[in-house]
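Colleague: Those protein sequences? They're chains A and B, same order as listed.
Last residue of the first sequence: number 579 in the numbering used here, and the count goes up by one each step with no gaps.
Last residue of the second sequence: number 559 in the numbering used here, and the count goes up by one each step with no gaps.
Be aware that a few hints might be false.
[As the list claims (entries may be wrong)] Calculated lysine-lysine pairs in the DSS-like style (CA-CA distance at most 25 angstroms, straight line):
hint, chain 1, residue 1, chain 2, residue 2
1, A, K536, B, K448
2, B, K288, B, K554
3, B, K428, A, K552
By construction, these hints were calculated from the structure, which means they are not laboratory data.
Please read all numbers here as calculations on a predicted model, not as lab measurements.
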Amino acid sequence: MAKMSFEDAATRYGAEPGGGAPTKVKITFVDSQGQARSVEGEVGSTVMETARRNDIPEIAAECGGACACATCHVYVDEKWAEKTGKASQMEEDMLDFAFDVKPNSRLCCQITVRPELDGLVLTTPAQQG
Amino acid sequence: MNQLKEAAIETDVVIVGAGPAGLFSVFELGLLDIKAHVIDILPRAGGQCSELYPEKPIYDIPGLPVCTGQELTDNLLKQIEPFHPTFHFNEMVETLVSLGTAEKPEFRLSTDAGKIFHAKVVFIAAGGGSFQPKKPPIPKIESYEGTSVFYAVRRMEDFRDKNVVIVGGGDSALDWTLNLHPVAKSITLVHRRDQFRAAPHSVSAMQELVAAGKIDFKLGQITAVEGEDGELAGAILKGNDGVVEKLACERLMPFFGLTMKLGPVADWGLQLNENLIPVDTEKFETSHPGIFAVGDINSYPGKLKLILSGFHEVALAAQKAHRYVYPDKKLLFQYTTSSTNLQKKLGVS
Numbered sequence: 451m452a453k454m455s456f457e458d459a460a461t462r463y464g465a466e467p468g469g470g471a472p473t474k475v476k477i478t479f480v481d482s483q484g485q486a487r488s489v490e491g492e493v494g495s496t497v498m499e500t501a502r503r504n505d506i507p508e509i510a511a512e513c514g515g516a517c518a519c520a521t522c523h524v525y526v527d528e529k530w531a532e533k534t535g536k537a538s539q540m541e542e543d544m545l546d547f548a549f550d551v552k553p554n555s556r557l558c559c560q561i562t563v564r565p566e567l568d569g570l571v572l573t574t575p576a577q578q579g
Numbered sequence: 211m212n213q214l215k216e217a218a219i220e221t222d223v224v225i226v227g228a229g230p231a232g233l234f235s236v237f238e239l240g241l242l243d244i245k246a247h248v249i250d251i252l253p254r255a256g257g258q259c260s261e262l263y264p265e266k267p268i269y270d271i272p273g274l275p276v277c278t279g280q281e282l283t284d285n286l287l288k289q290i291e292p293f294h295p296t297f298h299f300n301e302m303v304e305t306l307v308s309l310g311t312a313e314k315p316e317f318r319l320s321t322d323a324g325k326i327f328h329a330k331v332v333f334i335a336a337g338g339g340s341f342q343p344k345k346p347p348i349p350k351i352e353s354y355e356g357t358s359v360f361y362a363v364r365r366m367e368d369f370r371d372k373n374v375v376i377v378g379g380g381d382s383a384l385d386w387t388l389n390l391h392p393v394a395k396s397i398t399l400v401h402r403r404d405q406f407r408a409a410p411h412s413v414s415a416m417q418e419l420v421a422a423g424k425i426d427f428k429l430g431q432i433t434a435v436e437g438e439d440g441e442l443a444g445a446i447l448k449g450n451d452g453v454v455e456k457l458a459c460e461r462l463m464p465f466f467g468l469t470m471k472l473g474p475v476a477d478w479g480l481q482l483n484e485n486l487i488p489v490d491t492e493k494f495e496t497s498h499p500g501i502f503a504v505g506d507i508n509s510y511p512g513k514l515k516l517i518l519s520g521f522h523e524v525a526l527a528a529q530k531a532h533r534y535v536y537p538d539k540k541l542l543f544q545y546t547t548s549s550t551n552l553q554k555k556l557g558v559s
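Produce the complete structure using the sequences and hints provided.
Modeller: In structure tokens, the structure reads:
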């Protein structure tokens with residue numbers, strides 16, 4: 451069903467209805483091989499959308515952000531754990547379907563980009579689905 | 211070949227996939243007197259709508275300001291009732307072979323349950339592919355699959371008097387823990403936390419068995435397997451407390467939900483483009499005459515993976531399908547609002 455890429459959604463629904471330049475924050479994804487990729491995330495979008503828009507590997511996001519598939523699993527860098535917060539009950543339930551879940555595991559479709567997350571560092575697991 | 215032909219189910223169209231596009235295909239084809247058999251790997255209709263979003267609201271179905279995935283599925287099932295489609299659930303189409311010609315197509319399909327179908331046209335409405343069990347990243351696990359490692363129970367006897375390790379905390383993991391307990395020699399349930407996303411009565415039944423010492427429960431995850439020639443001897447458990455231990459077992463059942471894989475569609479000889487099936491935008495027909503692709507699985511310039519696009523596509527594809535199924539009949543365009551002929555088919559006049 452409506453499993454659109456963020457680009458599609460942005461074009462279709464007009465994700466940025468003006469009102470000044472959106473605030474951007476820096477997010478770094480470190481892949482399972484240790485390679486880091488830093489991208490800009492727009493405040494208000496999700497970290498998963500940011501990853502997809504920037505072709506970050508190892509983020510599958512099969513369900514398109516419905517917290518229904520556990521294929522946007524990330525490990526939050528220790529220093530950031532407090533700012534990103536804890537997984538909700540629904541997200542914890544869904545994490546049961548992810549592999550190698552650790553105390554710092556999150557589904558990044560459930561992390562909204564906020565100004566205080568500027569500099570956020572996440573690691574992606576080798577296998578999502 | 212003759213023998214196979216005898217055993218085959220004869221139908222006008224086989225629809226591969228019972229998601230919204232597949233279900234609405236039944237409707238549009240039904241209006242044109244084209245009888246359908248629908249095959250889906252899942253145990254029920256709805257595809258991603260039922261599997262991924264049963265409770266999530268959908269806001270972009272024309273005329274329905276909001277409905278959940280399950281409501282949409284239920285409504286579609288009601289809408290296609292007059293056409294009496296035959297559903298084949300828990301089955302995956304494995305092979306699709308062309309028997310006919312470009313002018314007079316005919317196809318033979320076979321499923322993993324051994325059913326054979328003969329159809330004049332085929333609608334592939336397979337969405338993101340088939341839902342298949344997620345396989346945990348345990349080294350060499352594939353060499354035990356089907357002999358010692360199972361993602362579903364086909365025969366309970368495979369587990370009789372075996373030491374079974376079940377991994378997961380959802381309904382599948384708990385149901386099989388409870389169902390296999392009387393049959394297996396021992397059951398060890400492994401889960402990453404002590405909370406379970408399963409029916410409360412299953413959870414309490416499981417907890418009672420643990421308390422009575424009849425089954426084992428371990429907090430942690432399986433990181434490796436041991437054995438040889440496909441025969442499992444043990445699974446390595448890394449406990450949440452950091453302790454690593456070997457669980458002696460002959461059977462392992464990991465339950466990590468489902469993921470979408472294109473699956474056998476890739477082997478049907480159709481032109482593919484990044485796991486999607488290119489179609490034209492007049493008939494939504496694939497590179498092979500008589501095989502149509504509708505919904506999320508197709509691709510064409512400007513394609514949007516929206517349910518409403520799938521609905522549009524099946525209406526147009528049905529027109530061309532009619533030409534194959536009834537080559538001598540002229541197709542008259544009619545509206546359900548005014549055509550007594552269509553209303554008769556819908557059972558409302």
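Colleague: Indicate, hint by hint, whether the structure satisfies it.
Modeller: Each hint, compared with the structure:
Distance restraint check for K536(A) and K448(B): the Cα-Cα separation of roughly 23 angstroms lies within the 25 angstroms cut-off, and the hinted pair is therefore satisfied. The straight-line distance between the Cα atoms of K288(B) and K554(B) is roughly 16 angstroms, inside the 25 angstroms bound, and the hint therefore holds. Annotation: proposed proximity of K428(B) to K552(A) holds, straight-line Cα distance about 16 angstroms (limit 25 angstroms).
Taken one by one, the earlier hints all hold for this structure without exception.
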